[in-house]
Every structure is written in structure tokens, then in C-alpha cells.
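Protein chains in written order, with this note's numbering: chain A, 1 to 332; chain B, 1001 to 1285.
Simulated from the structure, these hints should not be mistaken for laboratory data. There could be a bad hint or two in this list.
Simulated crosslink set (DSS-like; lysine-lysine; CA at most 30 Å straight-line) [what the hints assert, rightly or not]:
#1 B:K1197 <-> B:K1229
#2 A:K21 <-> B:K1229
#3 B:K1197 <-> A:K185
#4 B:K1198 <-> B:K1229
#5 A:K185 <-> A:K21
#6 A:K222 <-> A:K185
#7 A:K15 <-> A:K206
#8 A:K15 <-> B:K1229
#9 A:K185 <-> A:K198
Quick list of simulated restraints, FRET-style, between CB atoms [unchecked claim]:
#10 B:D1179 <-> A:F214: 44 to 54 Å
#11 A:K222 <-> B:E1248: 49 to 59 Å
#12 B:P1261 <-> A:V33: 28 to 38 Å
#13 B:P1175 <-> A:R135: 26 to 36 Å
#14 A:P147 <-> B:D1179: 29 to 39 Å
#15 B:L1154 <-> A:N253: 45 to 55 Å
By construction, the Cβ of each residue, glycine as well, lies at the ideal position given by its N, Cα and C atoms.
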Amino acid sequence: MTASATAPRFVETLKFLDQIKTRVGKVVVGQEVVVERVLISLLTSGHLLLQGVPGLAKTLLVAAVSKTVDLSYSRIQFTIDLLPSDIVGSEILDQKTHEFRIHKGPIFTNLLLADEINRAAPKVQSALLEAMQERRVTIGNDNFALPAPFLVIATQNPVEQAGTFELPEAQLDRFMLLHRLEYLKPEEELEVLRRNAKLGVRRDGKGAVARTEFDVLGEQEKGSADQLVRAMEDVQEVHVSEAFLEHCVEIVNRTRNHPSLELGCSPRAGISLVKASRARALIHGRDYVVPEDLFALAEDVILHRIRLSYEAVAEGQTSAQVLQEILNEVAK
Amino acid sequence: MMRLTVNLTLRLLACMMLCATVLIAQARDQREATVGMRAYVEQVVMAGPELVPAPSSMGSQVVVRVVKTWPHGEHLRYDLEWVGFEEGSYNLTNYLVHKDGTPMGALPPINVKVRSLLPAEAFEPSDIDPAAAARLDGYSTLQVVVGVLWGIGLLAILFVGRKWAVKPPPPSPPPTLADRLRPIVEEVATGNADNAKKAELERLLVAFWRARLDLGSARAVDAIMAIRKHDEAGALLRQVEAWLHAPEPPKLMDVSALLRPYRSVTAESFAPIDANNPGSHGGGA
């Protein structure tokens, strides 16, 4: 970190971000990288798709972030029988006035958790992804802007694929980041068990229920929306050099020309790389991006935007291997 | 009246039958025919033993066939069919013999005439032009000669005028990292490099230290983080990053001096640093 990285203008923002990380860290053990990715999404308004097996605290993490900042939060559990109107809302007939009135759906929120997005039918996925892209929804004849900030954090389970609808590449491209969660380290898992053992019970009327991590969320302090807006503005102040843009274009072009790839990165991938790198640079206390940001985020930004060729699949290659090969060639 | 009508009808029928019998019984007596055409002489009564056709040959001018023979009192009655092959007048009895082989006595002649439809001058065929005799030997030799000529022709088709593939020269080995690094360092140090060259310089410096720190198999991001933690490499990388990426590069930074150790790198400079011999590193130059 250089002298310019600790520019006084970012001190307040860095303090705010550290507070979020600390508050989230009280509920969610480990997962620093995932927390960083959620913050990047929050600061850039770029939607995030989390992929991981059940029980990795995906939902808890998103709920924790929403509770640590003064943001409205909705959660939709996607199922096969979900309808687009269940998300965006609908016109309903008011029995008293005999007129139609708008009932806004859960999408009208700052932070929307779309749990197991691949379980919903394609028309429901499309309705959500359209709203993600345009940040507006149409109900009846009226058009409504979604609240700002508006961020979708979706989850999907890489196993149990029966009865799911895989998101097509065009829709995956709407997600700025796709982060793949991994299991905790043994020491982190020990800490999870220790904390869980201390949760105790919560009295409820005459009875009581065992407390969960979600109960701890209610006790969190909240950062203000103003602080978040200031942080989002600071991201735009992070300097992006021409040399950095050259690195981005080099990587994106290599995905388009690699023999093992049938589909390379779209221009939106390059834009996402730069946006996410700026947010990461800010989170790491720098006022300019460096190649480390690019290489650290490349997997989350690029991997869901490329598709292997038939021959590469037949040879047993994976997208992750090909991407690592590309990144290694760039820096080799 | 009725009776009269019946009698008249019966008489009329009898007349008609009689006429038909006469017509049917009328014998053919064709004594003249053209060359090659069949003709008939019927109801010819001959005395003596039964007559049969005399043996004919390819040169026979007339051929006679006995179609039918009937007894006729003490004699025999014959239906004859004859064909003439040469123009002229002939006696058919000359072409008959007794069936029992007894000598032919004096029989009444059966004269016929054969006419030709061709004009007299066209009668003789044209002379045949003399031709050389066909070759009757040397076939095996001819086969060998034709076979050799065919083989020569095949080889000519296959190879004459063919553009023989020129064996490409062995590909020149790809430039080493040192070969790529030196000119870029030179350009940057002299201030002639554009942004693309500067970006490539940064990647090559990372590659240089990846090789020096033996991080070739590490993920790119892990390698960069490891390089940043290394005393010498980290200091260099941070300075290059500040120079390339910071909004306001450090004013006191001398890029030429910073890159001086890399202006004369060689392939050996990329050898991994020996952990037991820390003095082996130092920019490799």
C-alpha cells in the first residue's frame, strides 16, 4: 500500500467498510472473501450470484449485510410454482372502491435475496433478471422504478439439479460476480461450533425456542444509508490507469481466442472487471487499481461468462482450468 | 309354291359347293419364278417307282422338294416345290431320283424357268482389294511394350509438373522471456513506450519474478500476492504499480534507474533463486 492508498478522503469510507466487516464477522465466521464480494456488489450495484452447497451460511451472510447497513431487505425462496407476479407485484381489485390498485411485490427493496434462483421456471427468472437489468418493473400499465440502491444477491445449489432450470449464459451475464463458496477451514468450523453452543434459548411468551444466528442479527448496530452512498461515490473516485485497462482487454481477448472456449467474455465482462476492481481497491484502502485486483476477481467475473467447446469438454477440461491457463499466460 | 322355293334353294347350294370344290381342287402349276423364290408344280403324274429329291449341294442350281405323293392308278401323283438359284431353264426331273435307287427311265420333262431381277451387268460381284495379312505373332512382346508405355504414362501423369512440397524450415524457438523483456525495458527506460508496452512490461516483470520465485505452478493471483510479499520483488512491483497505476505517480521515482537491472537480463537470469544461496538473486542482472 502506498502513500496515495491512504488518502484522507477514503478514511471515513474505510472505517464504515471495516465496521460492516466486523458486524458481519460477529455472525458469520470466516468467509472473508465472500463478505468482500458482497461488499463489492453493494458498492457497485452489481448483482451477485452465490453458488455453494447447503449450509454454508449464504442466506445468513446476505441477511447479516442487510442488517449491518440501513437497507430494506426481502427474501424470496424460488420454487417451481412461483409466478412473476409473486416477485414484481400485481393489480388487485379493491372491493371497497371497486378500482384496481397496485400491490408491489417483494422486489421493491434495497437488497433482495433470491434463494435457489435455479428452482424457478424460466419466465420467473426472466422477470427478475429483467428488473435487475433495467431497475424498473411494469405492473399493469404503470412503470415503477426500483429503490436505490437495488441489489440482487441470488444463490444456487450446485448439487440436487433435478427439477431445476439452469440459468442460460445471457442471464448469467447479468450477474456481475458469481462466487463459488467453499467449505470453512477447520479452525473456522471450530469457531462456528463454539459460537453456536453459546446461543442459548429465546423466551417467547410462555415458551422458548433455541436461538439461531438470525436472532443475533437483530442485535446488530446499523450503518447509515448515507455512509453507503458515500462509499459508492468513493468507488467512482478510484483511479483506473490505461495500463490496467490494457490488462483487462488482454484477458478478455484471450478468452475470445482460446481454442478450448466456444464462448468468450462479453464486453460487459470487461466493464464488470473494472467496476469490481475499483471496489476491491477501495476495500483494500487504495485509490487506484492494481493487477492484483484484476487477477483476484477474474474467476468470479469471467468464469460464468465463458463456455467450453465440445472438444474441450470431451477432453475432460473444465472452465476453471482454462481460465487459470489464460491468467497464467497473461502473467508469463 | 313352297316346294318350288326349297328345290331352288337346294340347287343353288349344290352349285355353290361344286364351284368351291373346283376352286379348291385347282392345282398350282408355277413354271416360272425369280431367283430364290419358292414355286409349286402340283398334281404331276409320273410312271415308275416313287420319286424323291436327288441329293443337293451348295452348287445346286435348283432344289426340288416332294411335298406330297398319291397313288394314281398304276402310277403316282406328286406335288413338287422348287427353288431356282441361278437364272436359266431347268428340267425338274433331273433333280429327282427313284426312291428304290433304280435308274431313272425316260420321264416327261417338267420344264421350269428361273428369272433374275438383277441387270446383267450387276451380276458379277466386285473384285476384292488385296489386303495385308493380319499379324499372327509377337503378341507377348507387344503386351510388354504397351505395359511399359502405360507405366511411363502413369508416372508422367503423377509426377511431371508436380509442385513438390517444400519442407518448411524448423520453427524458430519462441523468444524467451529475457528476449521479450530487454527491448521493452529499453523502450520504457528511454520514454518511448506506449501504454500497451508499459502494461506488457508489468506482466513480464511479474513473469520474471514468478520464474525467479518458482511460482510457475501457482494460481496467477496467488503468485502476485507471493511476489508482493518478497522483499526485493515486492518493492519493485509496488513501485511499478505506483508509477503505472497511481493517479499521481511519485515525483522522485527514476524509472530508468528502477529498471536498470532488467536491461541486460539473460535466460539464466530466470533461474529460480536458490534458497540456500540468497546471494544468487538480485534482479538477475
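Going down the list of hints, with the structure as the test:
With a C-alpha separation of about 25 Å, the suggested pairing of K1197 (chain B) with K1229 (chain B) holds against the 30 Å cut-off. With a C-alpha separation of about 24 Å, the suggested pair K21 (chain A) and K1229 (chain B) falls inside the 30 Å cut-off, and the hint holds. Of the supplied pair hints, the one linking K1197 (chain B) and K185 (chain A) is violated, its CA atoms being roughly 41 Å apart against a limit of 30 Å. The suggested pairing of K1198 (chain B) with K1229 (chain B) holds, with an alpha-carbon distance near 22 Å, which does not exceed 30 Å.
Between K185 (chain A) and K21 (chain A) the CA atoms are separated by roughly 19 Å; this keeps the pair inside 30 Å, and the hint holds. Simply put, K222 (chain A) and K185 (chain A) have alpha-carbon atoms about 29 Å apart, close enough for the 30 Å limit, and the pair holds. For the given pair, K15 (chain A) sits about 42 Å from K206 (chain A) by alpha-carbon distance, which is inconsistent with the 30 Å threshold. Restraint check: the Cα-Cα separation between K15 (chain A) and K1229 (chain B) comes to about 25 Å, which is no more than 30 Å; the hinted pair holds.
At roughly 20 Å between alpha-carbon atoms, K185 (chain A) and K198 (chain A) fall within 30 Å of each other, so this suggested pair holds. The given range of 44 to 54 Å is broken by D1179 (chain B) and F214 (chain A), whose C-beta atoms sit roughly 60 Å from each other. Range check, K222 (chain A) to E1248 (chain B): Cβ separation about 36 Å, and the 49 to 59 Å hint is violated. At about 35 Å, the CB distance of P1261 (chain B) to V33 (chain A) agrees with the hint of 28 to 38 Å.
Separation of P1175 (chain B) from R135 (chain A) is about 49 Å and departs from the stated range, judged on CB atoms against 26 to 36 Å. With their beta carbons about 57 Å apart, P147 (chain A) and D1179 (chain B) fall outside the hinted range of 29 to 39 Å. A hinted range of 45 to 55 Å holds for the C-beta pair L1154 (chain B) and N253 (chain A), which are about 52 Å apart.
Consistency with the previously given hints fails for numbers 3, 7, 10, 11, 13, 14, ordered from lowest to highest.
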